[in-house]
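So for the sequence shown, our numbering puts the first residue at 44; every next one is plus one.
Since the hints were made in silico from the structure, they are not lab data. These numbers were taken from a predicted model, which means no experiment stands behind them. It cannot be assumed that every hint is accurate.
Derived pair list, reagent style SDA-like, types lysine to any residue, alpha-carbon separation capped at 25 Å [unchecked claim]:
no., residue 1, residue 2
1, K145, V57
2, K169, D118
3, K91, M160
4, K105, D87
5, K91, R80
6, K105, A51
7, K105, H52
8, K105, E50
9, K91, D54
10, K139, V57
11, K112, L68
12, K145, G128
13, K105, G166
14, K105, S159
15, K139, H74
Now the in silico label distances, taken between C-beta atoms and shown as ranges [as the list claims (entries may be wrong)]:
no., residue 1, residue 2, range
16, N126, T47, 28 to 36 Å
17, N122, E79, 18 to 26 Å
18, F48, R157, 34 to 42 Å
19, E50, A127, 17 to 25 Å
20, D118, F48, 41 to 49 Å
21, F138, H52, 32 to 40 Å
22, F138, E79, 16 to 24 Å
From the three backbone atoms N, C-alpha and C, an ideal C-beta is built for every residue, glycine too.
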Amino acid sequence: MLDTFIEAHYDLNVRDEQGYTGLILAAYHGHEDSVERLINAGADPCAKDNRGNTALMGAIFKGELSIAKRLVQADCGPNLTNNAGQTAAMYAALFKRTEVLKALTDQGADLTIRDSMGNDVQGLSKGEFQTLPAR
Numbered sequence: 044m045l046d047t048f049i050e051a052h053y054d055l056n057v058r059d060e061q062g063y064t065g066l067i068l069a070a071y072h073g074h075e076d077s078v079e080r081l082i083n084a085g086a087d088p089c090a091k092d093n094r095g096n097t098a099l100m101g102a103i104f105k106g107e108l109s110i111a112k113r114l115v116q117a118d119c120g121p122n123l124t125n126n127a128g129q130t131a132a133m134y135a136a137l138f139k140r141t142e143v144l145k146a147l148t149d150q151g152a153d154l155t156i157r158d159s160m161g162n163d164v165q166g167l168s169k170g171e172f173q174t175l176p177a178r
């Protein structure tokens with residue numbers, strides 16, 4: 044089915060109601076071959092869903108490390124943030140994806156960025172994180 048869409052020049056960056064693109068979903072669900080085909084066909088690896096999360100962030104969250112390492116190589120820059128100010132490096136630190144964190148660091152990820160709650164890579168890698176104040 045994916046080949047049919049690609050051959051028909053279908054817009055590969057169409058989003059559903061949550062803002063998910065085919066690439067975001069393929070990365071999240073571990074469909075490595077589909078991720079590669081979508082990127083090669085022109086899908087935007089930098090696209091964000093409605094919460095600002097990217098395919099890379101989803102792959103890191105789900106532990107899809109080979110997909111995450113492939114997405115690190117995309118021309119997005121390593122410091123994209125979601126709506127909460129979190130970076131892919133923060134996800135990698137929080138979920139102990141050390142290989143991905145190293146790849147992001149090698150790409151120039153800024154490990155000093157703080158999210159909207161004041162968290163940074165160093166604290167998250169230790170399991171320390173700030174939450175929103177109770178109301």
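Hint numbers contradicted by this structure: 1, 2, 6, 7, 8, 10, 19 and 20
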